[in-house]
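**Q** Residues per chain, in single letters:
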Amino acid sequence: MDFKDVLKGNKRAIARAMSLIEDEDPQGLSILRALHKHTGKAHIVGITGAPGVGKSTLVYRMAKALRKRGERVGIVAVDPSSPFTGGALLGDRIRMMGIATDPEVFIRSMGTRGCLGGLARKTYEIAKVLDAWGADTILVETVGTGQAEVDVVQAVQTCIVILVSGLGDEVQTFKAGIMEIGDIFVVNKADRGGADRLVLEVQAMLELGQVHGKWEPPIIKTIATEDSGVEELIDGMKKHYETAKEIGILGHKCIERAMLDIEDIVRDRMMAGLLTPGKKHLMKELCKKVADKKMDPYEAAEKVLCE
Amino acid sequence: MAKKGTSKAKRTAGAKSKGKAKAGTGKSGAACPPASPAGGHRIRVLVAKPGLDGHDRGAKVVARGLRDAGMEVIYTGLRQTPEQIVATAVQEDVDVIGLSCLSGAHMTLFPKIMNLLKEAGADDILVTAGGIVPEDDVPKLKKTGIATFFGPGTPLDKIVDFIRKNVRRR
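First to last, the protein sequences are chains D and Y.
Per my numbering, residue 1 is the first one in the first sequence, and the count goes up by one each step.
Per my numbering, residue 1 is the first one in the second sequence, and the count goes up by one each step.
Any given hint could be a false lead.
[Unchecked claim] Straight-line alpha carbon distances no greater than 27 Å define the calculated DSS-like cross-link-like pairs of lysine-lysine that follow:
no. : chain 1 : residue 1 : chain 2 : residue 2
1   : Y       : K158      : Y       : K60
2   : Y       : K118      : D       : K11
3   : Y       : K118      : D       : K4
4   : D       : K245      : D       : K41
5   : D       : K11       : Y       : K158
The set of hints was computed from the structure by calculation and includes no laboratory data.
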């Protein structure tokens, strides 16, 4: 497979490249390396929130609005893989079939394949392929998140947290984790009772916190199914991108992300080099001893490392 | 007649779902290792509902069964055009497409999908069909490239086995 076909916009080649990367095939690795210098032009936006708050529907509406502005749009939608069988039901696309045949839109679904941070292991890399394809905006939809799945913040430039009313009192808005990562907060299903109250609660939470360098996260009310508030959300997203570029957050984030990438690759390589068949066998023996309390796990690790 | 066939299909699929899904889970443990960060390919399947057909109980049961067999299943939802289905299959780089139609329009929709796949250079994807299709139509559909037909009451294990044996390794 030639990475140039991805740059040319061949849909089958793009899709195949994504599979090879997701499957961690050596061919995928070389494609990724070749594409690296063709990336960095797209605005990558994360959309996260609890299951059923309307992430997929909102992503669909946002993609439509972006298309109206003449943009090329990439979408990566993540759903959970089963921890037991590894299988997955990827259903985000159901909400997006209205743009399925648009040649300027590319949608890819992913299973988390064992990752617990709200994204799949290779979500960022798949977004990179869409970036190389020439997408102006890439929308990355996480799995339905709870409180602590915040990997998305490291994979995107603008992070949108979607909330709906009726999921708890104001203490929920004060908790660490997901409430800290929003560059924009959206209160979706705003026609439901309690939406205004939730807006006030989020506002109060934000006012108590420190403003990170001139950007104050807006709170935008939307009704995704009625296309209400979507334009405002797109404007807010664009404004964040511009501001982040201006005040240098983006450049800083870019370097942080590069560091993470290098760390990941080094860790993987080291682990692969370290865990020889002999060591794996040793670990299997030691784990029985640890389970029987004849050895503690630190001692076992020491043995694996020193052997 | 169509109505009778439909309700039968629904009942069979529904009744089978519980036991079979469970069997799938137990079996897949050996055949499909759990998701690990080590990589490797997972069979990806598109379950698609072309045309004006509101019955997706069967498609959902199959989707669930394939999920429990360790596959990644993308479901299109109801009332999709052949163009939408083929565009989705290409973008998702699926290994298998499972078409389901209970409306009687299979002889129009299925061949159209097969043609569009060819045009897109995606005719290496394994395509299977299910739903309410008269016996006489099955050979005609197979001529268009559809690998096999799974009628109402097909055990999920049979579908899983067929996919595993016939999916094209890339």
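**Q** Please go over all the hints and tell whether each is borne out by the structure.
**A** Each hint tested on the structure:
1. With a C-alpha separation of about 16 Å, the suggested pair Y:K158 and Y:K60 falls inside the 27 Å cut-off, and the hint holds.
2. Of the supplied pair hints, the one linking Y:K118 and D:K11 holds, its CA atoms being roughly 14 Å apart against a limit of 27 Å.
3. Between Y:K118 and D:K4, the direct Cα distance comes to roughly 23 Å. Compliance with the 27 Å bound is thereby established for this hinted pair.
4. Between the alpha carbons of D:K245 and D:K41 the distance comes to roughly 12 Å, so the proposed pair stays at or under 27 Å and holds.
5. About 32 Å separates the Cα atoms of D:K11 and Y:K158, which puts this hinted pair outside 27 Å; it is violated.
In summary, the structure is inconsistent with hint 5 from the numbered list given earlier, while agreeing with all the others.
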